[in-house]
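Protein chains: 2
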Amino acid sequence: MRIVVVGASGTIGRPLCAELSKRHELITAARSGGDVSVDITSAKSIEQMYQKIGRVDACVCVAASGALDRFADLTESELLENMRGKFFGQINLVLIGQRYLADNGSFTLTTGIFADEAWPGVTGGAVISGGLHSFVLSAAIELPRGLRINAVSPTMVADSVEDFGHLFPGMEPVAMERLIRAYANCVEGGETGGIIRAYR
Amino acid sequence: MRIVVVGASGTIGRPLCAELSKRHELITAARSGGDVSVDITSAKSIEQMYQKIGRVDACVCVAASGALDRFADLTESELLENMRGKFFGQINLVLIGQRYLADNGSFTLTTGIFADEAWPGVTGGAVISGGLHSFVLSAAIELPRGLRINAVSPTMVADSVEDFGHLFPGMEPVAMERLIRAYANCVEGGETGGIIRAYR
Numbered sequence: 001m002r003i004v005v006v007g008a009s010g011t012i013g014r015p016l017c018a019e020l021s022k023r024h025e026l027i028t029a030a031r032s033g034g035d036v037s038v039d040i041t042s043a044k045s046i047e048q049m050y051q052k053i054g055r056v057d058a059c060v061c062v063a064a065s066g067a068l069d070r071f072a073d074l075t076e077s078e079l080l081e082n083m084r085g086k087f088f089g090q091i092n093l094v095l096i097g098q099r100y101l102a103d104n105g106s107f108t109l110t111t112g113i114f115a116d117e118a119w120p121g122v123t124g125g126a127v128i129s130g131g132l133h134s135f136v137l138s139a140a141i142e143l144p145r146g147l148r149i150n151a152v153s154p155t156m157v158a159d160s161v162e163d164f165g166h167l168f169p170g171m172e173p174v175a176m177e178r179l180i181r182a183y184a185n186c187v188e189g190g191e192t193g194g195i196i197r198a199y200r
Numbered sequence: 001m002r003i004v005v006v007g008a009s010g011t012i013g014r015p016l017c018a019e020l021s022k023r024h025e026l027i028t029a030a031r032s033g034g035d036v037s038v039d040i041t042s043a044k045s046i047e048q049m050y051q052k053i054g055r056v057d058a059c060v061c062v063a064a065s066g067a068l069d070r071f072a073d074l075t076e077s078e079l080l081e082n083m084r085g086k087f088f089g090q091i092n093l094v095l096i097g098q099r100y101l102a103d104n105g106s107f108t109l110t111t112g113i114f115a116d117e118a119w120p121g122v123t124g125g126a127v128i129s130g131g132l133h134s135f136v137l138s139a140a141i142e143l144p145r146g147l148r149i150n151a152v153s154p155t156m157v158a159d160s161v162e163d164f165g166h167l168f169p170g171m172e173p174v175a176m177e178r179l180i181r182a183y184a185n186c187v188e189g190g191e192t193g194g195i196i197r198a199y200r
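These protein sequences, in sequence, are chains A and B.
Under this note's numbering, the letters of the first sequence match residues 1 to 200, in that order.
Under this note's numbering, the letters of the second sequence match residues 1 to 200, in that order.
None of these hints come from the bench; they were simulated from the model.
Be aware that one or more of the hints could be misleading.
Stated by the list, open to error - Covered by chain B, according to a simulated footprint, are these stretches of chain A (three or more residues, beta-carbon under 8 angstroms):
no.	segment
1	92 to 99
2	107 to 121
3	131 to 145
Virtual Cβ for every residue (Gly too), placed ideally from N, Cα, C.
Please model the entire structure based on the sequences and the hints provided.
In structure tokens, the structure reads:
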């Protein structure tokens with residue numbers, strides 16, 4: 001398959017590309033430094049990426065994350081800003097990409113544990129992931145030409161415990177290998193509308 | 001209790017007010033025609049509403065709904081527009097209201113079945129309700145002074161089958177009485193972080 005990996009240079013992106021490249025032709029996309037540049041907060045940039053790379057069989061997005069917030073003084077505009085990349089960016093990869101992917105191609109998005117589990121300081125992360133989960137259910141029945149869509153919902157990855165572990169004491173990390181398998185299954189399997197929760 | 005009902009003149013609002021007014025002092029809020037006017041797409045209008053009505057023990061929102069959409073040509077801006085009222089409006093009722101409600105007061109929001117079940121033409125409705133479900137989980141652990149928050153997630157109400165039944169053939173409607181009981185339980189009970197799915 002020809003697969004575009006958006007966020008290829010990130011924490012999950014690097015090992016994911018290492019795994020997928022064993023069996024597939026990869027196009028790496030990132031804000032800078034990939035085969036193709038893309039800023040997923042911009043619909044125009046996403047459209048240009050798809051035009052540049054030509055027909056692909058799969059789009060996997062492991063780019064962008066939700067920022068931390070303080071509920072006591074959180075505002076609508078701060079929340080919306082937080083949603084630009086991971087929420088609207090990933091939705092745009094699908095809404096725009098539905099016209100570019102090859103027949104029976106697939107989208108694999110990244111959500112996160114905060115959709116289902118409350119932790120302090122991540123209200124933005126919660127609505128981003130919760131909204132995306134419902135988007136995936138909906139898109140799965142709407143997409144044309146046999147296109148599939150799934151989401152992998154990670155918890156903190158073991159590789160990030162050093163950086164983020166202090167923020168979420170007691171959160172059990174997931175091994176990178178398990179997460180990478182989840183993404184590979186979404187791309188290489190036949191499921192659609194699936195939310196692969198890597199913490200259950 | 002003193003309770004503000006936002007969307008008091010709507011399909012659910014009217015019977016809900018009839019029930020709650022048996023035991024509580026109600027303030028009805030609506031775009032027009034209530035005790036107080038409010039446009040929940042405007043943070044400023046919400047702030048003015050809370051300032052005008054004074055201390056309340058509960059805020060129940062049954063206003064706003066998601067519009068239908070066509071996935072094939074849905075855009076980010078159309079989706080965002082759809083989210084203004086029911087999603088950002090209800091979130092603003094909480095983010096702003098956390099400074100106005102009485103200690104141990106409660107918020108009760110309205111979401112919907114499309115968070116959990118895919119139906120054609122309601123991608124906006126899906127992300128609105130899915131995002132709100134995760135917001136409720138998060139807000140429940142963040143809200144100060146013993147404030148509670150819950151959401152009632154209706155399916156199509158029996159009273160609306162004549163208007164909307166043709167759009168969702170096979171969707172089992174919920175009796176208005178069951179829905180009203182769910183709202184009353186959220187206000188008068190002790191739960192927080194609950195999503196009351198009126199279709200399970």
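Hint check results:
1. Evaluation of the coverage hint for the segment 92 to 99 of chain A: fulfilled, as 3 residues show C-beta separations to chain B shorter than 8 angstroms, against a requirement of three.
2. Counting residues of the segment 107 to 121 of chain A whose CB falls under 8 angstroms from any CB of chain B gives 7; the rule of at least 3 is met.
3. Taking a C-beta to C-beta cut-off of 8 angstroms, the segment 131 to 145 of chain A contributes 13 residues in contact with chain B, enough for the three needed, and the coverage statement holds.
When the structure is compared with the earlier hints, no violation turns up for any of them.
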